[in-house]
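In order, the protein sequence lines correspond to chains A and B. Residue numbers are given in this note's numbering: position 7 of the first sequence equals residue 50, and the series is strictly consecutive. Residue numbers are given in this note's numbering: position 586 of the second sequence equals residue 603, and the series is strictly consecutive.
Don't read these hints as lab results, they were simulated from the structure. A quick note: this is a predicted structure, and the numbers were derived from the prediction, not measured. Any given hint could be a false lead.
Some, not all, of what chain A presents toward chain B, calculated at C-beta under 7 Å [as the list claims (entries may be wrong)]:
| # | residue |
| --- | --- |
| 1 | 68 |
| 2 | 81 |
| 3 | 84 |
| 4 | 95 |
All C-beta atoms, glycine included, are put in the ideal place defined by N, C-alpha and C.
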Amino acid sequence: MVHLTDLEQLLLLAVLRLQDGAYGASIQSDLEERAERRVSLGSIHVTLGRLEENGLVSSAKGEPTGERGGKARRIYAVTEVGRAALEHSRAVLERMWDGVLAGGQP
Amino acid sequence: MRLPELLDGLIRGLLPEAFAEEVVGDLREGYSRRARRNRLAAALWWLREVLTLRPVALWRQARRLRRRGVRPELSPVTAGSGLWAKEFRIAVRSLWRRPTQSAVGVLTLVASVGAATLVFSVLEGVLLRPLPYPSGERLYEVWGTSAAAQQSDNSVLREAWNRRPISQAMLAAWRKSAPAVESVAGYLGTKVRWDDGAAPVEVAGAWVLPGFFATLGLRPVVGSVPGDATLASGGDVVVLSERFWASRYGRDPGVLGRTVRLDGRVVTVVGVMPAALVLPSGELDWWMPLPAALAAQRDLTIFRGVLRLRSGIRATVARQQLAVATEGLAGSNPVYRGMGARLVPLRDEIVAPVREGLTYSFWTVVLVTLIACVNLTSLVVARGARRRPELAMRAALGASRASLVGAMLTETVVICLVGGSLGLLASALSIHPLVRFLMSAVPGFPRADNVGINLPVLAFTLALTVGTALLAGAVPAWVVSKRSPWEALREGPRSRGGRGVRRIQRGLLFLDAMMAVALLAAAGLLTRSSLYASAVDAGFDRAVAFLAIRPSQERDSTGAEAQATGARVAERIGALPGVAVVGRASALPSMGSSQLNLVWLTGQPPASGTPIPTVAVDSGYFAALRIPIVAGRSFQAGDGPDVEPVVVVSQSLGRKLFGGENPLGRTIMLGKDTRLEGGQLAAAEGEAARIVGVARDVRELAVILDPDPLLYRPLAQTSTRDQVIVARGSGPTAALATAARRQALAADPDLLVSDAGVLARAVLRPLAGVKLRTALALVLAGLAVLLTLVGIHGVVAYVVSDRAHEIGVRMALGALPLGESVRMVGVALWPVLLGGLVGLAAAGGLSGILREILFGVSQTDPLTYGAVLLLLVGMAALSAWVPARRAAAVDPVRILNRD
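Here chain B stands alone, though its shape is the one from the complex (with noise of 0.2 Å):
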């Protein structure tokens, strides 16, 4: 029988004879039709027809009619589908007449239904869908790269070095020497206050170069977009959002030619973007040209990149091209020595953060599925076992096997039908609480206004409950109704199918276990990596504001210069009421911008140097940021230019430079002039500097990973331009932020604030993605484990009762009450705890995937595993003692009497 007879049996069943002949016609005509010019279409059509059919008001009206008297009923059914209607009500009836295992077959179908649906709308809208960019699909994002990535065996330090900044003496040169790129542009993001004459606020928007617009290929909401020549020229406009437009003049057009200041600059409004711009550094809510200043530094690394290729070439022929293009530039600049270029699609940059916790929510929700199957299966089976009798009957009289398996069938697809609808409508009334906890637990989650219940997720629900009945009702409806009629009749009213039933639902339990205990494991070690994230000390105090200075080049042509106007910044900051400390530094931890430099032992030749990561601080840094001096001395302000060169290293410094012994007071080599040199770093020469101090371990580039070897210098003694300034005090840390951005803006109008905010939160954002896998994870375990439960309840129940003749003549012979509960207990446990020692195997084996996931903890941890087989056995002895109990409430007599 195929699928289109069962669908319009389906139908015909849903409604009244008097109109169900012409509609299944009428859904038949349409979709046929439709389907010889596009079948998807075709069958979208059908579904939408199908879910407005308003079966309620065809009842009605056909009750009506046939009170009047003005329709005759059609003629009796023709072809197969009519026996399908009949079948579907029959079914109907008999599952209503056992509601509650009718109950629990529906729930789990709602449940692994909602949360399929759930996690593959989210899915669906933020990872799969298209950019809403012409062509989005041939943008991408483009990176510098540096040699030096390939000399760095630490993961995190080789992804920063392969995401350098561009400059635009890079973009010009890509512009001119790779055909491959229709066109390609910068920006560079930022903060300003906004100040139109209302309150002022601050917002995030971005600098862009010329090309940008045209790039990306958006057309304005209204206005229009600043051409080339202004953006090259640094004019006095701006381009909104359309969030912002919307949230701060409620899309009035009249804020066109409206003038703001912006951190001192005055703009002319002349256009806004659609919301449909979105780019992978977050949200951003203007867009105006470069400031004339920065302009005019060409070869300032600063910018993201974004580019469009030309449609049919591949993204490696673009990126060698670029390469080449960038090395032509080396023979001008030497900062381009070594430096390549890297393609990343735009979409993938986009949804970076929450890629991995959504492509495991997925393989999980596939696995829950699969339990709500087998689950399925099993209620199936002890249906079909208690149909037999009547099934042999209907053998007998000469029914095919394939309408009884069709009898079978139709109860599993009532049950899938219902569990789906209801499904459905649960994920439907959840996913915008869904999309909001996604947005308070991961700020800044992309494309998160995308998510919602949509064609594609409603045939992706379609196609999982249609496969679903498929699967959980055809195998066993074909087992059941496998044995001879003469077989079944022979053995009477009593039996149930017996022994090869109850094989098969002890397999089915085995299933179960096997694939929720492996998602519990992997749950489990998901939840202690991430507690270990969060309880892990970074060896830093976190509550501190920083502000991330650029002075302007023009004007402070030195480091020493740059370094006195981050002094005079740092000092106006100082002096803000509350402040207790401020200190200046070349780089944060855990911001990952910090430099190598090669080191060696006095005595040694340079050849023998290492590349160590190296901060330049000044005397306020270790005191702002609490990291303790564990012996010597921190930095001083006579720590100058001109006198003796001194380091501060970190405790995993000195064990890496001298063993155990002590290195206070040792002196070591850093490398001067340090260039590459067949990708790695080396030096001719060194010049001595004295270890004064040594600091605690900090985890320097991500939390998540073992302290890096740190080696500190003194600002002073640095050629250092770029600082980030860092400031604690009593009150509120992030007041404190936006007060020290304000006295810098004020000391300085043409220093460049690239970044500011709370330290604690610019630490934290990459472990948003890890708390978001955790709890997904853990849901979803929960949800497994669950069902899980449910069917060893439903095996047991089912156990009990088709063996209470054996209980009956057992207690009849002397068993203990209690002891024939406790043996039904053991009937489900076993396949469990089998199950469960597999499953466990199998997730030690499929650990790899893990791995790239996990930190602080092994991916085969015993006591997480311990801890998951001990939950699992503990809740299914539990959850089968509840209808083993019923064992011992048997009343052998009446058993007895029975036969």
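For reference, chain A alone in the conformation it holds in the complex (with noise of 0.2 Å):
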């Protein structure tokens, strides 16, 4: 099973929230809103690059706008195998945080 960075299971949860609207001036501000990250336009793309290549995420041409100076939007959306590494990330999260008390005893 592929195991995710911390940015890569963020930018996949992004994806997933923004639905149609993922792209990556949207999933830049979704991060800093929601997970108070900021993480530079640069290492997005680089992420969902890499993401892409490994089959974890589809992309596709969105519609240029005005607010963009007339440039196509590239649109993501998570494939079946991006959901299962990130449930497989949470499944490996839950199960180590399983038996540790909030009080913080073993």
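Reconstruct the complex from the two isolated chains, following the hints.
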């Protein structure tokens, strides 16, 4: 099974949350607002490219808008493989948290 | 074509196709969303994103995606920005093909952008950044002024009269009757022996009056600050600076509640103030209430004042209210007669020692940038000339003029971006060494820890780089692409624009030489001035320890008693091992606190008197400072209060009073009960004093000025209370100063030691700023000359290769190779010489600006000007000679065969 880094998990979750509106700029704002994490556009695109290369996300060209100076968006979607990898990461984390009490005793 | 499109194009050019469009689109979208709220924040966001684009990672990722075949290429580029990306790639390839020329362009930019970024980062952190106090712009330093200031024609003396310390009574009056003032407080810098059980150290700090902490408005880092009641009652508490807390106690919060012995007074540490607490008096490491004995003396004018204006009130309004309130005090105490107030913004006062130097450097660096611009322009003109055939072909095929200009501009932009980024990198690497140098060159360099590469500096560098690119690129690009394609095509492939281009280049050389000479002349004058200042003979030996003391007013109520205390202290210091001679005086040369005495000739009316700076000295003073007595005698122990008053005059005072006649044995009148009348010193009667000696001139107030006439009186014949003790010994002077301080406090625990140290350091303090300014001016002028030489080299190289054909033909007709080389040097030399002459004329015209900061040398010093011109022309000839030699290597046969 693929092991996802922290940033990869966040990006996949953001793409899932944004549904049809997931592209570079919107993902960046979502991470900033919800995860309180500033990730540069460069890192976002590099990571999305890597996820796409490994088949965890797919992308399609969207519509250009005036706000973007006539440049097209690239809309991302999480694939079945991506969803499975995300579930797996969550299961791993839950297993690790199991038995760790809120007070900190084992 | 607009700037955003140009920038989009550049970014596209950096990125792989697979990512370019979406990234550029994301940047645009992110910017325009943020710009709706705040344009500056949006621009900064954009800049940060561009700087963290990770183009290398994106290229790598794009290659992997292509290999997997996952991502279909986007549709071919749309609109103008795609064209820009192509231009960008063409430009990079074309620059790569001519590495030397490109490298010269890039290095020019690295040097100028690097220097400008460094200077601006210092300027920003030190001069421009607001003080770290809440509403720091409302904080002012407040001084007392004296009507005597108007009477003096000596600017240094006038400045001293306009910076009188203030008293507690003044502060109280101001608080009561100046509604423009929100709060005002006083403090007095001093040094104490810090004894906390570990090895004792001497630490500078300040005694503060009630309201001090409230006026500044800073909160302590840990602990608390003493309340006004504690400050007023002289409570035994002390507040540390963050710096001292870190260096002495490793930021241990346990320091609170600790007791420390400071010069015999046991106090408790109650708080730590943040590093932001910066005052004009230099680095202070502790603050505590004024000792009760001093606090009882309400009219003692010894404090520096810090004042917070009410918001929305102008300083002039407050100043008037303060002056009126001070005048009200004169009724009860004549000390305040003629006194006013003066407000200086706290920030200006803090940065005063370095302001001139930094401002001068900034304008110099602007000129250096212009020189870089000119060089780059010259480079672009040459390149444009080389690309004429290509551009003509493109024009003939229907390219618009704008797109041709764009094609030319792109190359400049690439050079500027590469050079600018490298320049930024270079300055980021050298900023910390620079700050360390500044701090060592100017002791107590204010706010040096603020200096760094931050967002305002980045914005400045970006603006500078883009500005340089536009200035250097646009004009020649337009000129080169101006002529009709038909003409250019007809001229054939060998032509490169010929005469027109050469004329532009010569014009640019002229500009270069003009600016370089002006800078060099200014730097030369500053250097001569600085050399003069270091070499000037002050007339006294500075290698002595000094100790400024203030005997307790309660115990020693009269001058005689205070002097007896001083004598006791001096005696103990004289008994220290290795001490050869000890003297006492009311003030020392260069420390600016001499009194004015009204002096007139016997038989004349008192109204004819002139105010003369006067020092009261004892019999050891002249020997301790090694001031030679050129005629007559020095003071003796017998020159006491009950015998005939005697004086010693300085040589220049003797000349002033008696012209060429021998002053020895003559009698002069000294004003008694001198007072201010209508802003003038006046005395109803005088006492006769006989001149028993003539001392050599010393430079009294500032070593950089001509010696002032100076009158010496025996200490015992005056009512002097505050004394400065000077001691000369065989050991290290700094150690002697420390030992003398300890002796003084041991002799008299009630004594206030207001200053102590080595006279040489105190005297040279004002010179540190001068030296810094000179060093910066020299470095920047050197850079300007270097850039000019690079420009000359480039132009001559271009001319030689452009005129190879003509040279070949001439040599075929019998011209000598050497002669051709010399002719090529001449091409560059004429504009340089002309530019140099105009530059000197400009420097002469602008030298009014320099007059304020020059001394010992005229601002139109012919020697400096001549040397500068000779230097520049000589170096220009050398740097032109290197490429000009190539003319001699032209092979006429090959040239002729080519046709």
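Going down the list of hints, with the structure as the test:
no.: 1; hint: 68; verdict: holds, 4 Å
no.: 2; hint: 81; verdict: violated, 9 Å
no.: 3; hint: 84; verdict: holds, 5 Å
no.: 4; hint: 95; verdict: holds, 6 Å
The structure is inconsistent with hint 2 alone, although it conforms to all the rest.
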